[in-house]
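In the order they appear, the protein sequences are chains L and C.
The first sequence runs 10 to 328 under the numbering used here.
The second sequence runs 10 to 328 under the numbering used here.
Do not rely on the hints blindly, as some may be mistaken.
Identical chains share a label here; the pair holds if one copy fits it or two copies do between them.
[Claimed, not checked] Think about it this way: if two alpha-carbon atoms lie no more than 20 Å apart in a straight line, the pair counts; the simulated EDC-like pairs of lysine to aspartate or glutamate are:
hint, residue 1, residue 2
1, Lys204, Asp51
2, Lys172, Glu286
3, Lys199, Asp51
4, Lys242, Asp300
5, Lys199, Glu105
6, Lys25, Glu209
7, Lys172, Asp155
8, Lys199, Glu94
9, Lys199, Glu279
10, Lys242, Glu94
11, Lys204, Asp14
12, Lys154, Glu75
13, Lys25, Asp35
By construction, these hints were calculated from the structure, which means they are not laboratory data.
2 protein chains.
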Amino acid sequence: MAEADAAAIVVDWGAKNFRAWLVNVDSGEVLGEIPEGRGMRDLARQELPGYCRAVLSRWRDNPRREARPPVYMAGMVGSQIGWLEAPQPPLPKGPEDLAECVVEVPNMPDTFIVPGVRVQEDDGRIDVMRGEEVQIFGALSVAAKDDAILCLPGNHSKWAEAKGGRLIRFTTNMTGEIYNTMLDHTILGKPADRKAPWNETAFEQGLEQSTHDGGVLDHLFTARSRFLYGGLKSEHIAPFLSGLLIGHEVRAMDDHYHSGGQDVLLVCSEALRGPYERALTYCGHATRWIDGRAATVAGVAAIIRRHRAAGGAAVGAAD
Amino acid sequence: MAEADAAAIVVDWGAKNFRAWLVNVDSGEVLGEIPEGRGMRDLARQELPGYCRAVLSRWRDNPRREARPPVYMAGMVGSQIGWLEAPQPPLPKGPEDLAECVVEVPNMPDTFIVPGVRVQEDDGRIDVMRGEEVQIFGALSVAAKDDAILCLPGNHSKWAEAKGGRLIRFTTNMTGEIYNTMLDHTILGKPADRKAPWNETAFEQGLEQSTHDGGVLDHLFTARSRFLYGGLKSEHIAPFLSGLLIGHEVRAMDDHYHSGGQDVLLVCSEALRGPYERALTYCGHATRWIDGRAATVAGVAAIIRRHRAAGGAAVGAAD
């Protein structure tokens with residue numbers, strides 16, 4: 010019974026992916042995993058509850074409610090285009106604050122959505138995240154740090170600063186989405202051979218281009234002029250653009266987030282680790298990599314512990 | 010006969026548009042106009058010669074070759090995806106230099122393609138233009154200037170500097186293409202109401218956003234966070250993005266092209282004039298607007314005069 014009490018289901022549900030883990034919240038041990046499922050782009054809104062119930066039934070299929078682990082979902086599932094909107098509270102926030110903002114899902118027992126957070130500064134700057142805040146708390150827990158500069162690459166890369174275990178500020182860069190959009194929908198991508206093996210030299214040429222005068226709007230076009238007259242081959246266009254955009258991201262964020270000699274915690278998949286480590290090193294940063302999935306599990310577990318301590322989860326209660 | 014000798018057909022043929030003018034090259038007078046036709050996107054490569062012949066037949070339909078005005082084409086027609094590639098020579102170039110690089114079209118008498126130009130600097134910077142160089146020479150002619158800083162907004166906005174009547178350097182910004190791509194293909198554009206009337210306040214909010222710290226990759230995302238939490242309505246998203254991107258273009262180009270108190274020659278359509286004048290004014294520049302079509306006609310006429318003087322055009326010669 011003690012182990013059942015400590016078990017919970019952690020769901021990371023985004024536009025493209027669904028991932029779930031059965032975890033022991035106290036020890037952090039992962040007891041089971043559903044590594045992939047359908048994201049919100051592939052499901053109509055009204056399909057979400059049924060899909061979630063069906064996929065999680067292997068862990069929830071028990072007539073005794075107290076034996077069913079509660080479900081905590083993070084990511085786009087809580088957005089306007091998700092299952093149920095969980096409004097994003099403003100910073101600063103720590104896991105204990107976020108536990109207080111957890112939203113209970115109607116008509117599905119012991120099921121909760123962890124909201125994202127927003128930043129809204131005096132100068133009018135607004136930014137939002139949903140899912141990465143959980144990874145940030147998890148990464149701090151994995152790295153045993155309370156203060157850190159973090160970089161979470163992706164479609165919408167996030168840079169963030171934590172102090173005293175709380176997230177105090179962050180900035181979004183649309184690096185991944187713009188990279189894909191440039192290749193799929195602009196003149197730059199037309200001649201690109203995207204099936205070719207990754208070319209490290211072209212990636213570094215892109216990084217180098219990002220250090221020149223001018224801005225992204227100008228530098229992007231060099232993928233065209235270099236293709237025409239600069240020896241950039243079809244198979245080099247994608248890695249060149251990747252280096253260029255990641256270089257711009259890291260350089261712009263240098264102005265915001267001075268690492269002051271401390272490591273940048275790089276939280277992402279193995280696939281994004283390589284290019285970002287290279288770009289961060291190129292720009293003079295030391296990095297420490299933390300696997301994005303491990304960060305998600307650790308982060309949700311930290312929030313669940315606070316939520317339970319506050320009496321939020323109904324596990325163990327009678328029907 | 011003198012007037013017939015002075016007549017030529019100027020064609021501006023791009024990916025989206027075909028425009029042609031019958032002009033008196035000596036006086037600059039426009040004798041006839043075909044204001045729109047099919048661009049290269051709508052025609053297969055092998056259709057281009059036939060389409061061109063058919064559209065221009067009204068001016069070329071004369072059994073006496075010497076009575077048929079020659080045709081000078083500028084724009085994407087000379088690119089790899091056009092009719093016949095006219096390789097772009099490196100800067101600096103004036104109208105007389107470009108006249109020497111004009112390429113004769115086989116199988117169509119007295120028909121020429123004016124090439125674009127490229128910049129290839131010692132530090133590896135490469136950039137290309139095709140069509141705008143003609144507008145630049147025309148704008149200098151219309152403004153009666155030999156030295157100028159020019160801004161030619163568009164899908165691929167060009168900033169350029171002319172000295173002594175020659176184009177000495179330029180920079181491309183993918184402002185227009187990125188604006189459209191963001192609205193058509195990213196999360197930013199999903200909630201946008203693009204049919205709403207232009208909102209000047211939202212445009213200025215975008216301009217203002219571009220003055221903040223951070224870069225384009227970050228600022229673009231504020232169109233999302235402002236929509237969610239900052240009061241940016243569906244009908245404001247497009248003008249906000251327009252102001253943001255044009256603001257970034259103008260600010261980045263400020264670093265390259267110091268106008269030193271002289272007017273920036275703004276060469277574009279009436280439609281682009283408003284937002285660019287506002288952005289340039291916002292960034293402290295005085296501007297003088299020159300209609301893009303008038304610049305094209307004047308620029309090609311200037312090149313034709315040099316080409317004829319060098320004996321390039323076969324007008325008046327026997328078959």
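We went through each hint and held it up to the structure:
no.: 1; hint: Lys204 <-> Asp51; in the structure: neither (25 Å within a copy, 28 Å between copies)
no.: 2; hint: Lys172 <-> Glu286; in the structure: neither (23 Å within a copy, 44 Å between copies)
no.: 3; hint: Lys199 <-> Asp51; in the structure: between (27 Å within a copy, 16 Å between copies)
no.: 4; hint: Lys242 <-> Asp300; in the structure: neither (33 Å within a copy, 37 Å between copies)
no.: 5; hint: Lys199 <-> Glu105; in the structure: neither (49 Å within a copy, 34 Å between copies)
no.: 6; hint: Lys25 <-> Glu209; in the structure: neither (27 Å within a copy, 36 Å between copies)
no.: 7; hint: Lys172 <-> Asp155; in the structure: within (6 Å within a copy, 58 Å between copies)
no.: 8; hint: Lys199 <-> Glu94; in the structure: between (38 Å within a copy, 18 Å between copies)
no.: 9; hint: Lys199 <-> Glu279; in the structure: neither (28 Å within a copy, 30 Å between copies)
no.: 10; hint: Lys242 <-> Glu94; in the structure: between (46 Å within a copy, 19 Å between copies)
no.: 11; hint: Lys204 <-> Asp14; in the structure: neither (48 Å within a copy, 55 Å between copies)
no.: 12; hint: Lys154 <-> Glu75; in the structure: neither (35 Å within a copy, 84 Å between copies)
no.: 13; hint: Lys25 <-> Asp35; in the structure: neither (30 Å within a copy, 62 Å between copies)
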